[in-house]
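Colleague: Sequence:
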Amino acid sequence: MKIINDILRKDSAKTFLLLFCFAIISVGVHFYKQDIITTSSTVGKKELPIYCVDTDKKQVALSFDAAWGDEDTIQILDILDKYKVKATFFMTGGWVEAYPDKVKEIAARGHDLGNHSENHKQMSKLSVADQTSEIMKVHEKVKTLTGVEMTLFRPPFGDYNNSLVTTTMTCKYYPIQWSVDSLDWKNYGASSIVKTVLNHKALCNGAIILMHNGAKYTKDALEQVLVGLQEQGYEIVPISQLIITEKYHMDTAGKQIAD
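Counting from 1, one number per residue, gives the positions in the sequence shown under the UniProt record's numbering.
Careful, some of the hints might be misleading.
[What the hints assert, rightly or not] Derived CB-CB ranges, DEER-like: (1) Tyr188 with Lys45: 34 to 44 Å; (2) Asn205 with Ala108: 28 to 38 Å; (3) Glu223 with Met169: 18 to 28 Å; (4) Glu97 with Cys204: 36 to 46 Å; (5) Asn162 with Glu235: 27 to 37 Å.
[What the hints assert, rightly or not] Under the rule of at most 30 Å between Cα atoms (straight-line distance), these lysine-lysine pairs were calculated in the DSSO-like manner: (6) Lys255 with Lys137; (7) Lys186 with Lys255; (8) Lys247 with Lys143; (9) Lys195 with Lys58; (10) Lys143 with Lys102; (11) Lys172 with Lys255; (12) Lys46 with Lys195.
Hints listed in this document are in silico derivations from the structure and should not be mistaken for laboratory results. By construction, the Cβ of each residue, glycine as well, lies at the ideal position given by its N, Cα and C atoms.
Go ahead and model the full structure; you've got the sequences and the hints to work with.
Modeller: Laid out in structure tokens, this is it:
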């Protein structure tokens with residue numbers, strides 16, 4: 001500080017130059033920090049997964065969690081083919097091991113392969129090492145089976161904390177939740193699933209819809225859901241096509257917004 005004061009007293013030109021340099025550095029630091037903040041999942045002190053996407057396109061994504069059962073999987077794939085829809089399937093390690101042919105079939109039909117953890121545990125209760133293991137074990141199984149390097153991760157039960165979101169991104173995955181829950185897992189019947197999805201308050205551009213390939217009435221409801229969404233003008237796309245993959249930030253509701 002004494003050196004600066006001496007310069008300020010001696011030469012007004014030097015004073016101007018010094019102040020100018022300080023101003024440039026300050027502006028640069030401000031924008032650098034801003035860039036870091038707006039390309040992360042951080043909102044305040046919380047790390048958020050992607051619940052939905054801010055987009056002007058009339059698009060929604062349909063996703064299926066695969067953690068139990070495979071009886072209806074081929075029929076679900078056939079219905080999706082009929083309506084030329086690509087979806088995202090989040091699979092556990094146990095499901096991948098039990099039904100490797102179905103994993104290959106999902107990939108062969110052009111759908112997203114997503115990671116749903118190895119053992120379907122409550123991952124917010126795990127250490128970083130165990131979180132990483134839960135993610136990467138499934139990753140390697142699917143890669144070995146299909147050659148696909150998965151990049152989408154959905155935590156079991158939708159349960160997460162700051163640590164899990166950070167771990168997910170460290171593993172080069174996008175953490176994915178949902179904004180429209182079909183409630184198919186409650187087994188209320190096909191008509192209930194259809195009404196829940198098509199009349200959901202969060203059904204809008206960029207919504208991510210949750211279903212389960214192993215739920216009792218999902219297959220029976222799926223065709224009506226697809227028709228209803230398309231009649232409302234929505235294009236149904238896989239999550240990998242819906243989300244923003246480069247610079248983005250999150251709002252407090254978990255909506256992904258491009259920078």
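Colleague: Are the hints correct? Go through all of them and say.
Modeller: Structure-based check of each hint:
no.: 1; hint: Tyr188 with Lys45: 34 to 44 Å; result: 37 Å, holds
no.: 2; hint: Asn205 with Ala108: 28 to 38 Å; result: 30 Å, holds
no.: 3; hint: Glu223 with Met169: 18 to 28 Å; result: 36 Å, violated
no.: 4; hint: Glu97 with Cys204: 36 to 46 Å; result: 37 Å, holds
no.: 5; hint: Asn162 with Glu235: 27 to 37 Å; result: 34 Å, holds
no.: 6; hint: Lys255 with Lys137; result: 29 Å, holds
no.: 7; hint: Lys186 with Lys255; result: 26 Å, holds
no.: 8; hint: Lys247 with Lys143; result: 27 Å, holds
no.: 9; hint: Lys195 with Lys58; result: 20 Å, holds
no.: 10; hint: Lys143 with Lys102; result: 14 Å, holds
no.: 11; hint: Lys172 with Lys255; result: 20 Å, holds
no.: 12; hint: Lys46 with Lys195; result: 33 Å, violated
Figure legend: structure checked against the earlier numbered hints; hints not met, in rising order: 3 and 12.
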